[in-house]
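Given the sequences, and given the hints that come with them, work out the whole structure.
Start counting the sequence shown at 0; every next residue gets the next number (numbering that gives the first Met the number 0).
Because the hints were derived from the structure by calculation, they are not lab data. Note that the coordinates shown come from a computational prediction; the quantities given were computed from them, not determined experimentally. Hints are supplied without guarantee of correctness; some may be wrong.
[Stated by the list, open to error] As a list, the in silico SDA-like pairs of lysine to any residue whose alpha-carbon atoms are at most 25 Å apart:
#1 LYS201 <-> THR164
#2 LYS201 <-> VAL188
#3 LYS201 <-> PRO46
#4 LYS201 <-> LEU171
#5 LYS201 <-> GLY141
#6 LYS201 <-> ALA41
#7 LYS201 <-> ALA167
#8 LYS201 <-> GLU213
#9 LYS201 <-> ASP191
#10 LYS201 <-> PHE47
#11 LYS201 <-> GLY216
#12 LYS201 <-> ARG165
#13 LYS201 <-> ALA140
#14 LYS201 <-> ASP50
#15 LYS201 <-> HIS45
#16 LYS201 <-> PRO211
#17 LYS201 <-> ASP170
#18 LYS201 <-> GLY212
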Amino acid sequence: MTRDAARPEPIALRVGERAVSGVLLRPPDARWVLALAHGAGAGMRHPFLEDFAHALAARGVATLRYQFPYAEAGSRRPDPRPLLVATVRAAVAAAAARAPELALLAGGKSMGGRMTSLAAAEAPLAGVRAIVFLGFPLHPAGRPGRERAAHLASVPLPMLFLQGTRDALADLSLLGPACEALGARASLVVVDGADHGFRLRKADGGGARDVPGELAGAVAAFAARVAPAT
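Below you can see the structure in the form of structure tokens.
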């Protein structure tokens, strides 16, 4: 499938009294829809997230990318956690309303994925079948720890962790056991040589490997296993 086979559709989301923008990318053969949140440092239009969305579309996964309010306002400082979580809920509801016949997934890049799982730990995300993390931020860079994974025990959904071996925000020697503690709910896919932004050095195949495609393939395989389309 070419990029032209799935055309972006701008949408507007309401988060309380705030309005944020989103983009629905739905291929003709979609079987799943993923509410996809951005990370702390870049909005939904970041080239990596855009490439990832198109790679997913080529594999039958529609996406609803969306902005958090701070990013919509042009700020670099993330909103308070309750507002971030409320935005996740609004986006999940919008994805379900726009594509009610598709199996519903939720997740995001770094902070966006973590806010999605925090939302799911606090109260059910209606209709969501599984959560996808693009670089779960287990700890701040240079300060390894597992505290940020504590809430995952309260998430009653299958979870896919896509992590790079050079991710400074997720020491794999800590993330691996954290995933093991979740049992069958957690699946960990490691991208050799990738950093937190899934960038590769030349020695690791940078410029030659299709990392968004690798990640999208892992998501599609995971979705087919845990949320088979009817």
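Please list, smallest to largest, the hint numbers that this structure does not respect.
Every hint satisfied by this model.
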